[in-house]
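Listed in order, the protein sequences are those of chains S and V.
Okay, so the first sequence: first residue is 1 according to the numbering used here, each after it adds one.
Okay, so the second sequence: first residue is 1001 according to the numbering used here, each after it adds one.
Bear in mind the hints are in silico, worked out from the structure with no lab data behind them.
Remember, predicted model here, so these are calculated numbers, not experimental data.
Glycine residues also receive a C-beta, built at the ideal position from the N, C-alpha and C atoms.
Any given hint could be a false lead.
Unchecked claim - Label pairs and their calculated CB-CB ranges:
1) V:Leu1362 / S:Leu91: 56 to 62 Å
2) V:Gln1386 / S:Arg29: 52 to 58 Å
3) V:Ile1016 / S:Arg200: 32 to 38 Å
4) S:Ala40 / V:Leu1378: 56 to 62 Å
5) V:Asn1044 / S:Val250: 35 to 41 Å
6) S:Gly248 / V:Lys1129: 51 to 57 Å
7) S:Arg200 / V:Ala1343: 31 to 37 Å
8) V:Tyr1011 / S:Ala40: 53 to 59 Å
9) S:Gly45 / V:Glu1138: 47 to 53 Å
10) S:Arg200 / V:Asn1044: 44 to 50 Å
11) S:Arg200 / V:Lys1129: 35 to 41 Å
12) V:Leu1334 / S:Lys290: 33 to 39 Å
13) S:Pro264 / V:Glu1056: 23 to 29 Å
What the hints assert, rightly or not - Cβ-to-Cβ under 8 Å is the rule here; a few derived chain S residues that face chain V:
14) Leu13
15) Leu16
16) Val27
17) Tyr122
18) Lys140
19) Trp205
20) Ala222
21) Ile226
Claimed, not checked - Subject to a maximum C-alpha distance of 25 Å in a straight line, what follows is the list of computed BS3-like cross-link-like pairs (lysine-lysine):
22) S:Lys290 / S:Lys230
23) V:Lys1114 / V:Lys1079
24) S:Lys171 / V:Lys1272
25) V:Lys1272 / S:Lys140
26) V:Lys1114 / V:Lys1129
27) V:Lys1293 / S:Lys30
28) S:Lys83 / S:Lys41
29) V:Lys1035 / S:Lys141
30) S:Lys94 / S:Lys83
31) S:Lys141 / S:Lys83
32) V:Lys1035 / V:Lys1079
33) V:Lys1293 / V:Lys1272
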Amino acid sequence: MRLEFFILFTLALAALFFFVVASIALVVRKAIGVQRQRGAKRLYGLYSAQLAELLLTDLPVPLQSVKSPSVHQQYEALLTPTKRKLSQLTLGRKALHREALRSVLIDLAGDVVGEAAERLAYFFSSLGFVQDELILLRSKKWWIRAQAARHLGSLRARRAIPLLTVALEDKDPGVRYEAIQALVRVQGVESLSAILRVTRRLSRWRAIELSTIIMQFGSAAAPYLIKALKSPDQSIVLFSIEMLAAIGFVSAVEPLRALLQGYPSSVVQAKAAEALGRLGDERAEEGLLKLVGSPHPHLRLKAVEALGRIGSPAAIHVLLDHFARGHLGERIATARAIAALGPAGAETICSLAADEDELTRAVALQVAEEHSLDIGKG
Amino acid sequence: MEFVASILDLYLVFVITYFIAVNITYTIFLVVSYKEILSHMRHNLFSNYRLLVQSELTPTISILAPAFNEETTVIESVKSLLKLSYGTYEVVVINDGSRDNTLQRLITEFGMFKSRRIYEPLIRARDVKGIYRSNLPEYRNLVVVDKENGGKADALNVGINIAQFEYVCCIDADSLLEADALQKVVKPFLEDDTVIAVGGIVRIANGCNVVNGRVVDVGLSRRWIPVFQVVEYFRAFLSGRMFWHGYNGLLIISGAFGLFKRSAVIEAGGYKPDTVGEDMELVTRLHRMKREKREPYRIAFVPDPVCWTEVPESLRVLARQRNRWHRGLLDTMLIHRALLLNARYGVVGLAAMPYFVMVELLGPLFEFFGYFVVLFLLVLGALNVQMAILFFVVALFYGVMYSVGAVLLEEISFQRYPNPRDLATLISFGILENFGYRQMTVWWRVKAFWDYFRGAHAWGAMQRKGFAGAKARMSA
């Protein structure tokens, strides 16, 4: 028993000791990490200043075209002292310096446009980082591939277009999405066609990300979005409707009206109603008035809200009729829509505020308060 | 005598089996949580949360902050909430019948007037005396609700009724949110339509430098009680909740910070006002409701640092808090006992509930009686001292492993404690807590059974120093 106890006790103590030592190692590692971070931060600051200077330096020969070879020669001349310094470093230090330089280039890429962006892209390529990123784009780890795609896009590396196109069919959705964004940055608005064609089941998060890209292109993106209204994927249809409204592309009214009247899903119809309201075109009014009587509550609500946004006084009677029905939320939305219909709407709200029905009065008073309507005068 | 000896033998066999099972569970928790955190970090490596501030597609959120006798801190807290970095959101402060000047201070500071706003009482709650809005354009997204006192759960129910937006974020009035907290916590909803609730990690603000309602420097308190709690919070959030998140078995979203789909909470009937564990009860009820309706759903946890809270610095207040937490756990387990070991409720019935009952709820009882049995055997001279020492060393090893493992999870992920000295302190406290602190918490939790069954349902007062050094009392 004593021997067994001794062995077990020693084993338990050893395990405990191992954990204590591991903990001490963790603290030591952290202390070293802090030191390294300080060093990396210092190098980052150094190269930030150096690259800012390189970007601000005037080229000796005025630019005719940013793509002419002579320009690249001038960029190379600017970069030569940095390259020389790097070549004099030991392997270990060189890796640290290159990492700092790479980080600075990538971070700067988001802040510069025009010739400065071209200059930055050249530096990135000339220092061999494009090649490094292309290798990383073949990594087995998805997050490394995704990061490489993002970096190549940020630096507008045209050499990477073929591999980024291949990455559109990567097995990981994260990589696919980064490749899409990279191609948009490198190729511009034309890439939207492929993006909207290959994307499926767009989550709200991805929609927000994609919307930022599309908003940068503005009305140039509209033809691609109108085409995408015929996508078999409902999430793409909903997204395209949303974007057309956000861009404010008035030519989209007709295709949106077609969706409003003929699309089999009430969710899409509701989104089209909302978009038509945002576009504020009176051509949509007729279709919207019909939908106020829809059996789908969310569709009725969107149609009512859209009529309020369009602001045509002709809608007042239909809305007033609708006001008497529906649940509280719908009645408030209808009252808001009526109040938005100019002086006639305001007058209607004021009269509703004196209604015999308590709920009608309460709703009208709330909406009057929201629209700063003076009930006394009404 | 032989009978007593055989009972004790049986008990010891049970204790050893239980001990092994629990520690295997904890080890699995650590390993799975490690993988989950790494996966979460990689998944969000490329997320640009700032898009949520500008995008028109960003979902709208109503922040619900119940306040009871908060006159000293309420202005600072509300101003901090109004400065969050997010798209469209409103802050709804629910004055739960405060007996001090909480309401008057809000009205004066934010230029509020009594509004004619109406709402549909979708969840039953106490009467609302008035809804206030601000005249000032910079506070347009602030709503103050004055209601009869009914406790935190009732106040939140009123807030849910009045909230205008798609999601409701339920917080404590004294929670300090990171500026990007809403961006981080809303993301799971945007990635998966079936998500109905998301909990955020709650961190300890004692010892941190707080300026204008924001934690600017993270550090450890100089007092020992909050430091022990930092290690406990790491274990609970980074290991425990992260594990259950992975299997959609998360039974608790902290009342200090949680985001819910408003329609789901209304469907479930809102918070239960007559329990002290209303946060856990609601989440368990959401699981139950969705599983009974056989609807796809997910309740998620976000490990990014999003919310800071002040924890007790005195043993007296800590004891009261732990006692209340344990009564809340016991109440929830009893209310939803039908889920226990019921295959109809999937992972919740077959894994999460058994874990919470056997480990979290009854664990302190087993441990407490274990100490008694050891003493009893020692008095009788029947204790195998060698085995007892061995058991103690192995228990110590597991305790240290779990605590250090939780600190390690923080260190590999968020690294919010930049000073290596803080890391060393946390690890040391992870070891030291096994000598006294742990036994104290066991006693407080055992006492909670007694208090529960004799009918004590009070929250107990929570003495708070306030982040700006001001004194405030909070209770409901």
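Going down the list of hints, with the structure as the test:
1. V:Leu1362 / S:Leu91: 56 to 62 Å: With a Cβ separation near 59 Å, V:Leu1362 and S:Leu91 satisfy 56 to 62 Å, so the hint holds.
2. V:Gln1386 / S:Arg29: 52 to 58 Å: violated (37 Å)
3. V:Ile1016 / S:Arg200: 32 to 38 Å: Because 54 Å falls outside the window, the suggested range is violated.
4. S:Ala40 / V:Leu1378: 56 to 62 Å: Between S:Ala40 and V:Leu1378, where Cβ atoms are some 57 Å apart, the hint holds.
5. V:Asn1044 / S:Val250: 35 to 41 Å: holds (38 Å)
6. S:Gly248 / V:Lys1129: 51 to 57 Å: Once the Cβ atoms are compared, 44 Å apart, the range 51 to 57 Å for V:Lys1129 and S:Gly248 is violated.
7. S:Arg200 / V:Ala1343: 31 to 37 Å: holds (35 Å)
8. V:Tyr1011 / S:Ala40: 53 to 59 Å: holds (57 Å)
9. S:Gly45 / V:Glu1138: 47 to 53 Å: violated (37 Å)
10. S:Arg200 / V:Asn1044: 44 to 50 Å: violated (22 Å)
11. S:Arg200 / V:Lys1129: 35 to 41 Å: Violated, since S:Arg200 and V:Lys1129 (Cβ atoms, about 51 Å apart) do not stay within the stated range.
12. V:Leu1334 / S:Lys290: 33 to 39 Å: violated (55 Å)
13. S:Pro264 / V:Glu1056: 23 to 29 Å: holds (26 Å)
14. Leu13: Hint on S:Leu13: holds, closest Cβ of chain V at ~6 Å, below 8 Å.
15. Leu16: S:Leu16 check passes; min Cβ-Cβ to chain V is 4 Å, inside 8 Å.
16. Val27: Holds, about 5 Å.
17. Tyr122: Constraint on S:Tyr122 not satisfied, violated at 25 Å.
18. Lys140: Constraint on S:Lys140 not satisfied, violated at 14 Å.
19. Trp205: Holds. Min distance 4 Å.
20. Ala222: violated (16 Å)
21. Ile226: With a closest approach of 19 Å, the S:Ile226 hint is violated.
22. S:Lys290 / S:Lys230: holds (23 Å)
23. V:Lys1114 / V:Lys1079: Since the Cα atoms of V:Lys1114 and V:Lys1079 sit roughly 20 Å apart, the hinted pair holds (cutoff 25 Å).
24. S:Lys171 / V:Lys1272: Violated. S:Lys171 to V:Lys1272 sits at ~45 Å, over the 25 Å cutoff.
25. V:Lys1272 / S:Lys140: At roughly 49 Å apart (the allowed maximum being 25 Å), S:Lys140 and V:Lys1272 break the hint.
26. V:Lys1114 / V:Lys1129: Satisfied, since the Cα-Cα distance of roughly 10 Å is no more than 25 Å.
27. V:Lys1293 / S:Lys30: violated (49 Å)
28. S:Lys83 / S:Lys41: holds (20 Å)
29. V:Lys1035 / S:Lys141: holds (15 Å)
30. S:Lys94 / S:Lys83: Holds, because 11 Å separates the two Cα atoms, which is no more than 25 Å.
31. S:Lys141 / S:Lys83: Violated. S:Lys141 to S:Lys83 sits at ~31 Å, over the 25 Å cutoff.
32. V:Lys1035 / V:Lys1079: violated (38 Å)
33. V:Lys1293 / V:Lys1272: Between V:Lys1293 and V:Lys1272 the Cα gap is close to 20 Å, so the pair holds against 25 Å.
Hint violations for this structure: numbers 2, 3, 6, 9, 10, 11, 12, 17, 18, 20, 21, 24, 25, 27, 31, 32, all remaining hints satisfied.
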